[in-house]
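Trainee: Residue-level listing of the chains:
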Amino acid sequence: MIDVLLLAGGESTRFWPFTDKNLTPFFGKPLLLWHYEQVVRIGVKNVVVVVNSDTKEKIQSVPVPKKLTVSYIVQDGNGQGQAVWSAGASFENRPALILNASDIYEDDLLKSVIETHKKDQQSILVSTVRVTSYFPGAYVKMKEDGTILEMIEKPKEGKEPSDSVTIFVYVIPHMKEFRTALKSYAKRPLDGYERAVNKMIKNGTVAKPILTARQWLYLKYPWHILNVMDACLASIKGQNIDSSVKIGKFVTIEGPAIIEEGVKISEGTKIVGPIFIGRGTIVGNNNIIRQSHIGSNCVTGFATDITRSYIGDNSWFHTNYVGDSIVGQNVSMGSGTVCANLRLDESAITSKVKEEVIQTGRTKLGAMIGDTVRIGVNASIMPGVKIGKGSFVGAGVVLGEDLNDGMYCRFTPTVMISQNSKKAPESRDKFKKKL
Amino acid sequence: MIDVLLLAGGESTRFWPFTDKNLTPFFGKPLLLWHYEQVVRIGVKNVVVVVNSDTKEKIQSVPVPKKLTVSYIVQDGNGQGQAVWSAGASFENRPALILNASDIYEDDLLKSVIETHKKDQQSILVSTVRVTSYFPGAYVKMKEDGTILEMIEKPKEGKEPSDSVTIFVYVIPHMKEFRTALKSYAKRPLDGYERAVNKMIKNGTVAKPILTARQWLYLKYPWHILNVMDACLASIKGQNIDSSVKIGKFVTIEGPAIIEEGVKISEGTKIVGPIFIGRGTIVGNNNIIRQSHIGSNCVTGFATDITRSYIGDNSWFHTNYVGDSIVGQNVSMGSGTVCANLRLDESAITSKVKEEVIQTGRTKLGAMIGDTVRIGVNASIMPGVKIGKGSFVGAGVVLGEDLNDGMYCRFTPTVMISQNSKKAPESRDKFKKKL
Amino acid sequence: MIDVLLLAGGESTRFWPFTDKNLTPFFGKPLLLWHYEQVVRIGVKNVVVVVNSDTKEKIQSVPVPKKLTVSYIVQDGNGQGQAVWSAGASFENRPALILNASDIYEDDLLKSVIETHKKDQQSILVSTVRVTSYFPGAYVKMKEDGTILEMIEKPKEGKEPSDSVTIFVYVIPHMKEFRTALKSYAKRPLDGYERAVNKMIKNGTVAKPILTARQWLYLKYPWHILNVMDACLASIKGQNIDSSVKIGKFVTIEGPAIIEEGVKISEGTKIVGPIFIGRGTIVGNNNIIRQSHIGSNCVTGFATDITRSYIGDNSWFHTNYVGDSIVGQNVSMGSGTVCANLRLDESAITSKVKEEVIQTGRTKLGAMIGDTVRIGVNASIMPGVKIGKGSFVGAGVVLGEDLNDGMYCRFTPTVMISQNSKKAPESRDKFKKKL
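Residue numbers (numbering that gives the first Met the number 0), protein chains in the order written: chain A, 0 to 434; chain B, 0 to 434; chain C, 0 to 434.
No wet-lab data here; the hints were simulated from the structure. Where hints are given, some of them may not hold.
Any copy, or any two copies together, can satisfy a pair, since identical chains are not distinguished.
As the list claims (entries may be wrong) - With a straight-line Cα cutoff of 25 Å, these simulated SDA-like cross-link-like pairs (lysine to any residue) come out:
#, residue 1, residue 2
1, 421, 141
2, 351, 407
3, 433, 216
4, 198, 281
5, 248, 272
6, 110, 145
7, 421, 272
8, 155, 22
9, 421, 361
10, 432, 114
11, 422, 26
12, 431, 272
13, 388, 346
14, 421, 10
15, 245, 256
16, 432, 362
Owing to the predicted nature of the structure, the values given are computational and were not obtained by experimental measurement.
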């Protein structure tokens, strides 16, 4: 069986306010572990994980399934070419199935690539997908015989050589040769990898496209967590409620659900699946929790509404609306704080990433809140706003722009204080009689 | 049977932010249709509706009950005198029961006027009501024989000729003669009508007052919608819940109710009658909806409190308090937004209409919000404030004054952003243990 | 049986925004009545209450249990020495058990002091407690024989003569003699009392410490009301729910409770004991009321959360969070107003008292709100903030500092109003389909 080369050494700079995208937990398991479990399912025995020096330790702490052997290689420099170059030596001239840890595919695609490789052990295999509008990725230019002539990284819009873009599931049949081809391109972070493939093709290796109809998922920007969450939630079948879960009176639980050990759901609350609620979490009274991922050891407090949102571990809420939002670990919000998720004009929501305004493609998108953030009472976080880890947002703040890591944003309200010339009535009996 | 002349050509300028007061829907039917149904009940066969050129089309689109023939006349100029003048020609010299479309009376009053007319087909009949304090309307000065000597429009306070003011239910026995009398006064928008009656009396026609003990209702200022709503709600007998209505668990429905087809009431909600909920509306979880009129196709969202309020069609809420308020069509409010309905000093609420401060006579009065308004999260709309159609109100705004049509009011909060010298604890286990 | 001299003439200046700390009602009874009932329980027949001229009338209106005779003496000047001097004449040379009305002890301590006095009718008895860190009170310096050599009021930290401080439960065996000793010190408000005891000791009277392990409670600062409340709540055994109480559907009541006559608890609400709810109070729908003292004739409104708080009579709420807070009588809060009870950094909460920043010793402490205060909608009151009686706080205010009696604090938000260049969609059907 082919070994897997899993690229997990990329930086997560566009993923801010979150870090280490490959370690993002879903259902209590870091994304990397989902990859391990997937490759075990399709029969892989060995994985080489390419890490960077910053994340090495955390990645090594991810548990490894029994049936799998994982080794780690620290990559020099940046980019996928460099990553493959760094790891390639350990493959000698064996074949490798190369995957990117921040991309998520269904089992079927990987199985089909492996099947094709078993039948044709000499060709490079490149997974592709058809696009109906411009996509900023690597396009393939085809020969007449249906094999690949050339890969073109990010052609200008209108200059696409075909309607097929590559997705990051490759088979390289002879790693040693490929490494040789990479030699001069490895340090090009953006397209070294594609240039090496092109060179191999020129030197006579056949590169075959494996067209897939499947959509894939990836973590690039922070809001992509919601896409991956949705896919995880969609995989839940039936209601898996641990026997230790305490469910109060007047509670409704509808739809697919995973509710882990020690969870408590208080009176008057409605849970609408698909839903994941991690162990030890306390869902308060009169909540509605819908189509969301709630980490472990959270407390949702009284009358909270969490809808289509991802919540990390140990986060606390109290009478909040958290819609289409992503909340890290150890975050808390004061009573009455709202993460707005829809613009008044209902237009698509943009978000600044590294000074660039990015179209998120979402009409509904709430806040993205890093770890260990504290937000006071009655604050309002505008759609698409990101808050860096360790920051505080004071009571009553209306936050319309991103807030960096480790900042304190205080509301300094303008008030007028004067002698009160008005008098409150001594009694409200006239109102009480009407109740 | 006498024909009805229904004056529906008045402008609705004091009715802002709402338009076309005669078309205001109650229980899904425009007010005009309520008039049609009423006159059918008391036996009338023909109605002539006086419209203006702006509203003609909309008024003609109001459905007409089978037993009624309705014709439309566009009035020239303004005022009731002008309206009667414009319409009078079609009556030849027949009698007419003249009603104002923005006034609402009980069947009994109309029946009693018609009965009197049947017995005395030569006199002008003028409905009157006794007032105990000054009212800015037309007073009657009486002869010793109990007939009317003169009508006096808006006498100065203290100069009232009697304690009886007229209300707009008249019988004119010979319309052709009356039109002649109106000729020179028709263009006086304020008192042409009364002057014509006075002239008729001088010329020998007897004008009899029909005193009624009933209060009548009218739509003049926008808050009057609440009075008419209350009367409509008070007419509901028992619980009329369509068989298609879906009622979730832990729902309480108390008191008289009309709940139309396709309505959904979610778990944990309480409905307190008298209440109308129009077809297709979704009432969310853990709401309280009391003594209100909710239009069709609305969504109330989670944990919303709508109390003694009128809501038009297609409006959306989410964790709002809407008290003693009037909300048009296609309005939405963000989570946490409140329409305050009581001043801190609990004094009567005033509202500016055309630059004049008007006593609304209400201690509890919330917001009046025109069609297609959007309000962000955690906004606060002060008692008696009006918002013009198509306007946006941003998150966190405290709106203490009226906002014109088509405006955008943004909150520009003063905040201070600095490095955060504080640190949030890594764990809240000490708090969680106490839960 | 020994008579009690109960000192209730102290001013309550540090108790602001509340007044007359000895009259603070718990479970509908002023604190003074709790004292009367206690001394009846331990067998006392006569109490002399020292009052001041301002509070005399109110204190005399406190009902007296049948088995007790109470007389009142107006104290001259300030301080406990002056109080005892003023009252002492009525004791002739009888013994007196001297108690402070704003201190609260368990029956056992008083019983044990009385028992000791019965066996030794010549010694002054001084209750003491061991402290493990510096406490700003009167320390005792001991003789070798275990009797008291001297009392030292507020020694400097590090200069304490022992680890025992006195608590205000004294027996003076011969009041006439003591009064003579007090003569020259009575006007020293801070330490006259202790000096007189010291003088008696020098003159040969034995003063014995009665060491107690019990913690005592006292009302000095306003937040101490929460401590006394907690002790009262802890004394509730089982659920004492009056037969007239109306409990709606889907209500949960857990833990010890006193719920008095005429209380109504509406649908979907959870009550968590220990709890006291005074007569005639209406608890609204979908509330959570936890570990709190709710006075009589209150209305909690819809979706309110009152947690670990003391609420006086006749106060109204509506969708509020009131956490670890103290609310006087006839207070009302608008919908969405929050009394925050935890700092963002979760550090201990301080409060200014007479220009001095006092450590409250609490991590969770909300607002302290005097009588007849009105707070508008969506206001935020910061932890530890005090609001003086009769004051108004406007909608949207974030109140971070104390507000004096009789003030009006208005929010004057900065907004920008412009033509609205945006347009709200005519329909939300796309969102409704997903519901």
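Trainee: Now tell me if each hint is right for this structure.
Mentor: Structure-based check of all given hints:
no.	hint	verdict
1	421 x 141	neither (81 Å within a copy, 46 Å between copies)
2	351 x 407	both (20 Å within a copy, 24 Å between copies)
3	433 x 216	between (57 Å within a copy, 22 Å between copies)
4	198 x 281	neither (57 Å within a copy, 61 Å between copies)
5	248 x 272	both (19 Å within a copy, 17 Å between copies)
6	110 x 145	within (21 Å within a copy, 88 Å between copies)
7	421 x 272	neither (51 Å within a copy, 35 Å between copies)
8	155 x 22	neither (33 Å within a copy, 56 Å between copies)
9	421 x 361	between (48 Å within a copy, 18 Å between copies)
10	432 x 114	neither (78 Å within a copy, 41 Å between copies)
11	422 x 26	neither (56 Å within a copy, 28 Å between copies)
12	431 x 272	between (41 Å within a copy, 18 Å between copies)
13	388 x 346	between (28 Å within a copy, 19 Å between copies)
14	421 x 10	neither (61 Å within a copy, 28 Å between copies)
15	245 x 256	both (15 Å within a copy, 23 Å between copies)
16	432 x 362	between (46 Å within a copy, 15 Å between copies)
The structure fails to meet hints 1, 4, 7, 8, 10, 11 and 14 from the earlier list, while all remaining hints are met.
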